[in-house]
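One letter stands for each residue in the lines below.
Number of protein chains: 2
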Amino acid sequence: MAMEKVTVAGGGVLGSQIAFQSAYCGLDVTIWLRSEGSIGRTEPKLDRLLTDYLADIDAMEAALTEARETGEAVPAKVWALGIADTDDFDADACRERARHARESLKLELDLAAAVADADLVIESMAEQEEAKVEFFKRLAPLMPEKTIVVTNSSSLLPSKFTKWTGRPEKYLALHFANTIWHNNIAEVMAQDKTSPASFQAVVDFAASIRMQPLPVHKEKAGYLLNSMLIPFLFSGMDLYVNGVSDPESIDTAWVRGTGAPKGPFQILDTVGLVTALNIVEPYCKVPGFLAPYNFKGIRQMLKEKVDAGETGKAAGQGFYRY
Amino acid sequence: MAMEKVTVAGGGVLGSQIAFQSAYCGLDVTIWLRSEGSIGRTEPKLDRLLTDYLADIDAMEAALTEARETGEAVPAKVWALGIADTDDFDADACRERARHARESLKLELDLAAAVADADLVIESMAEQEEAKVEFFKRLAPLMPEKTIVVTNSSSLLPSKFTKWTGRPEKYLALHFANTIWHNNIAEVMAQDKTSPASFQAVVDFAASIRMQPLPVHKEKAGYLLNSMLIPFLFSGMDLYVNGVSDPESIDTAWVRGTGAPKGPFQILDTVGLVTALNIVEPYCKVPGFLAPYNFKGIRQMLKEKVDAGETGKAAGQGFYRY
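Sequence order for the protein chains is A and B.
Count the first sequence with full-length UniProt numbering and you get residues 1 to 322, in order.
Count the second sequence with full-length UniProt numbering and you get residues 1 to 322, in order.
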């Protein structure tokens with residue numbers, strides 16, 4: 001079953017992007033919002049997304065023209081794979097699709113109306129467990145039988161909400177990265193009651209909105225990326241707090257040794273140290289989990305920097321000065 | 001104290017490179033070898049290094065000329081920072097230095113003669129504990145008092161050999177990556193008796209042969225790079241052996257999510273699965289170490305691939321086909 005009618009619940013940073021990208025790919029998209037106030041905050045986000053898409057299409061057109069003249073490859077950074085492939089790029093058609101996406105997006109305050117004929121409902125609300133439970137409770141009786149429902153939650157496991165959806169076999173997680181038209185990966189994660197047919201339908205939906213679907217067959221905190229990124233960041237911080245070396249040398253070892261663009265401390269500065277501190281907290285409470293790392297030392301180090309206002313790149317000072 | 005006379009013990013892949021690079025940077029370098037047979041194996045390695053340096057200097061000259069014409073940056077891959085900086089590159093002078101390095105390198109079978117006036121002895125022999133102990137025992141009484149001695153060991157902790165060196169405060173580790181004139185990082189690692197002066201002298205020596213010195217103030221198995229790389233590879237393999245996802249999706253999540261050139265399975269294929277299996281073994285024997293990872297599952301998975309001859313990129317088949 002192809003997904004044609006999509007309802008995104010929540011108009012935050014990612015909710016807006018998911019809705020815009022789905023509409024850009026020709027789907028019939030409704031954003032459900034809680035209040036008139038939410039509409040006032042979401043409309044400008046959608047306007048801004050149209051501006052961003054158009055600016056990126058311009059940049060892609062210019063880069064492709066230059067690449068064809070010089071015979072060089074188009075810089076990967078410029079190209080938004082969510083917008084088009086390099087070998088099948090019609091800038092005017094893309095502009096038209098982006099404008100149509102903005103016009104076609106429907107904002108709706110009535111949840112029953114928003115999901116009345118939805119093939120897919122994408123929950124993309126704030127990361128608050130109780131608010132999500134309330135939402136799924138309200139949503140469950142309103143959806144038609146056909147509807148598949150996914151959560152975009154990053155840190156709360158989807159199984160926390162299964163029973164409130166009323167349709168365990170048609171419920172799973174679909175996790176996007178920020179700026180989805182550039183970072184076009186979508187982790188599709190089952191919980192233990194998800195049916196193979198629903199899983200496949202969501203994989204197909206992700207591909208249909210130009211995402212690279214990454215199948216995650218079992219529930220896993222952190223999906224794929226964070227399951228690797230978090231232990232990696234811990235291993236770097238552990239070297240530092242144990243006095244083995246300094247952030248700059250540790251970053252240099254990683255960057256020079258693996259060819260990666262950033263080492264752990266450069267990534268932490270970008271993510272922000274407040275987020276890092278929130279991630280470390282639970283590990284401090286589970287004795288023996290990831291046993292060799294000095295989590296208490298890591299927490300203390302991060303806390304001192306956060307308390308000093310050195311919270312990362314956005315603050316102008318983290319492990320590095322910006 | 002500047003290091004002028006350097007003795008490299010061992011003419012293997014890295015020993016040859018360290019000796020050649022040190023001579024390239026103008027130092028007085030002797031390679032100590034165990035036998036006439038070793039001389040026969042080492043001479044061609046040094047000839048080959050001269051050829052490689054000269055070819056790289058040609059490539060750098062061509063790339064720099066092109067970059068100056070187009071206004072583009074020189075591709076990082078082409079540039080060997082161990083040979084020269086981009087903004088201070090005299091190709092002819094570099095060629096002359098490389099030829100002089102090859103001519104000036106002394107090969108010596110007599111250990112006493114080889115180290116009689118050495119400022120620095122670099123142990124770069126096979127990774128066999130007993131052979132290294134024997135070497136340090138022989139070496140200890142032959143060195144003048146001024147000599148600092150370092151081990152290039154990757155997997156054996158330097159403290160295993162401290163007592164055999166006869167000079168704990170002047171003994172530490174200096175760890176290079178392969179193709180040191182390109183991968184010009186050098187991890188300088190103290191053991192707990194190393195004096196600050198010796199540590200600094202080796203940091204300065206590394207810089208003097210155009211390496212980026214990475215200080216490792218405390219003994220740490222894996223130095224900096226492998227202390228991060230190994231847990232990272234485990235986290236990726238753990239996702240696979242627990243049925244969470246497949247190697248290709250896991251690699252895609254990492255590459256797309258972080259901008260790195262390779263994901264864990266692409267790195268494992270390059271390193272080789274036999275090496276990976278050897279690294280996993282000890283973790284299987286320490287219950288609770290890096291507790292959350294399924295080491296037995298990881299070992300079993302690697303063993304099956306190794307037994308099937310699918311040992312990585314060099315074999316044409318690892319997690320991917322080449």
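Please keep in mind that the hints were generated in silico from the structure rather than gathered at the bench.
Some hints could be false.
Given that identical chains are not distinguished, each listed pair holds provided it fits within a single copy or across any two copies.
[What the hints assert, rightly or not] Listed below are the simulated SDA-like cross-link pairs for lysine to any residue, each with C-alpha atoms no more than 20 Å apart in a straight line:
1. Lys163 x Asp87
2. Lys132 x Val13
3. Lys262 x Ile230
4. Lys262 x Asn183
5. Lys296 x Glu169
6. Lys77 x Glu169
7. Lys313 x Val271
8. Lys218 x Glu248
9. Lys262 x Ala177
10. Lys163 x Arg97
11. Lys218 x Met301
12. Lys313 x Asp117
13. Lys77 x Gly259
14. Lys218 x Gly297
15. Lys193 x Ile279
16. Lys296 x Val74
17. Lys218 x Asp246
18. Lys77 x Gly257
19. Lys218 x Tyr293
20. Lys313 x Met301
21. Lys160 x Val244
22. Lys132 x Asp92
23. Lys313 x Gly257
24. Lys262 x Pro75
25. Lys303 x His100
26. Lys262 x Leu225
27. Lys218 x Pro247
28. Lys132 x Gly316
29. Lys193 x Ser159
Remember, predicted model here, so these are calculated numbers, not experimental data.
* At 20 Å max between alpha carbons, let me know whether Lys218 reaches Tyr293 within a copy, between copies, both or neither. => between (26 Å within a copy, 16 Å between copies)
* Asked: Can you tell me if Lys218 and Gly297 fall within 20 Å by alpha carbon in one copy, between copies, both or neither?
  -> Classified as between; 16 Å across copies, 32 Å inside a copy.
* Up to 20 Å CA-CA - Glu169 versus Lys296, copy category -> neither (40 Å within a copy, 32 Å between copies)
* Up to 20 Å between alpha-carbons, please classify Lys193 paired with Ser159: within, between, both or neither. => within (9 Å within a copy, 53 Å between copies)
* To do: Please work out whether the CA atoms of Lys218 and Asp246 approach to 20 Å or closer within one copy, between two copies, in both situations, or in neither?
  => between (37 Å within a copy, 12 Å between copies)
* To do: Go through the copies and call it for Lys218 and Glu248: within, between, both or neither, with a Cα cutoff of 20 Å.
  => between (37 Å within a copy, 16 Å between copies)
* Homomeric proximity label, Lys313 with Met301: Cα distance no greater than 20 Å -> within (17 Å within a copy, 40 Å between copies)
* To do: Measure nothing new, just compare the shortest in-copy and cross-copy C-alpha distances for Lys262 and Pro75 to 20 Å and report within, between, both or neither.
  => Cα proximity of Lys262 and Pro75: in one copy and across copies (18 Å, 18 Å).
* **Intra- versus inter-subunit Cα pairing at 20 Å for Lys132 with Asp92** => neither (40 Å within a copy, 69 Å between copies)
* Using 20 Å as the alpha carbon limit, work out where Lys313 and Val271 are close: within a copy, between copies, both or neither. => within (8 Å within a copy, 34 Å between copies)
* Indicate which option fits the pair Lys303, His100 if close means a Cα-Cα distance not exceeding 20 Å: within, between, both or neither. => neither (47 Å within a copy, 54 Å between copies)
* **20 Å Cα threshold - placement of Gly259 relative to Lys77** => both (16 Å within a copy, 10 Å between copies)
When held up to the earlier numbered hints, the structure conflicts with 1, 5, 6, 10, 12, 15, 16, 22, 25 and 28 and fits the remainder.
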